[in-house]
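Engineer: Below, each chain spelled out in residue letters.
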Amino acid sequence: AQSVAQPEDQVNVAEGNPLTVKCTYSVSGNPYLFWYVQYPNRGLQFLLKYITGDNLVKGSYGFEAEFNKSQTSFHLKKPSALVSDSALYFCAVRPDRGSTLGRLYFGRGTQLTVWP
Amino acid sequence: NAGVTQTPKFQVLKTGQSMTLQCAQDMNHEYMSWYRQDPGMGLRLIHYSVGAGITDQGEVPNGYNVSRSTTEDFPLRLLSAAPSQTSVYFCASSYGGSSNTDTQYFGPGTRLTVL
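Here the protein sequences come in this chain order: B and H. Residue numbers for the first sequence follow my numbering, so the first one is 8 and each next one is one higher. Residue numbers for the second sequence follow my numbering, so the first one is 738 and each next one is one higher.
If we strip away everything but chain B, and leave its shape as in the complex, we get (with noise of 0.2 Å):
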């Protein structure tokens, strides 16, 4: 069964600070793997996705996330954090074959909040 776990309901950092957003998935198949920010009553923005290649992967608003396929991990990263960056991140994986065709796996979810 595909899955996606983000291990951490809440991430709370001090602005300027690096942070990390966790996620690890389990799929049948090759990943693909999505992250996701969704600021209040808003809808779900693209940040980043990793398909093939490099394993780090830049995506908007400074953050990146490293793809990690012997840990399963693709955790989100970003070097120096800001107020704004306070959100709902969500990570989301898609197999490369044997399911529903375009179907995202989603994690629960990850409140990031940054403090001045």
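Honestly, the hints are just simulated from the structure, not real lab data. Cβ coordinates follow ideal geometry from the N, Cα and C atoms, glycine included. Just so you know, not all the hints are guaranteed correct.
Listed below are several chain H residues computed to face chain B (Cβ distance under 8 Å; list not exhaustive) [as the list claims (entries may be wrong)]: (1) Y768; (2) G777; (3) S831; (4) G844.
Here are the simulated lysine to aspartate or glutamate pairs, DMTMM-like style, with alpha carbons at most 20 Å apart [as the list claims (entries may be wrong)]: (5) K746(H) with D775(H); (6) K29(B) with D92(B); (7) K56(B) with D839(H); (8) K65(B) with D839(H); (9) K84(B) with E73(B); (10) K76(B) with E22(B).
Which residues of chain B face chain H? A few of them, derived with a C-beta cut under 10 Å, are [to be verified]: (11) T27; (12) K56; (13) N62; (14) L63; (15) K65; (16) P102; (17) R110.
Fit chain H to the given chain B structure using the hints.
Structural biologist: Positioned in the frame of chain B, the structure of chain H alone reads:
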């Protein structure tokens, strides 16, 4: 380019009422889908479509109908609303109908309450 639009933004229904949630995209995307978001559960796929005239069920299709008569529109119908359908509903679209690598783009959501 408006992207993915959804109407209404908010809706309150009584148990047993029916309604249609509208979704439209102006990006000429083949693939469209509906998800529901419930607290602590992430997003779950309700129905999806790989092109006009083609729809299929996702993970939680019961109580919902869809149709896709045009590339642009993908309405979601609740036939007889139940309190368990209280949720936030998101429509999403992506370019390809058969590619698993495409990025899905989400609408702003419809917050539905069923009393």
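Engineer: If a hint holds in the structure, say so; if it does not, say that too.
Structural biologist: Comparing the hints with the structure gives:
no. : hint                 : in the structure
1   : Y768                 : holds, 5 Å
2   : G777                 : holds, 5 Å
3   : S831                 : holds, 7 Å
4   : G844                 : holds, 5 Å
5   : K746(H) with D775(H) : holds, 16 Å
6   : K29(B) with D92(B)   : holds, 16 Å
7   : K56(B) with D839(H)  : holds, 9 Å
8   : K65(B) with D839(H)  : holds, 17 Å
9   : K84(B) with E73(B)   : holds, 8 Å
10  : K76(B) with E22(B)   : violated, 30 Å
11  : T27                  : violated, 19 Å
12  : K56                  : holds, 6 Å
13  : N62                  : violated, 16 Å
14  : L63                  : violated, 18 Å
15  : K65                  : violated, 15 Å
16  : P102                 : holds, 7 Å
17  : R110                 : holds, 5 Å
Violated hints, listed in ascending order, are 10, 11, 13, 14, 15; each of the other numbered hints is respected by the structure.
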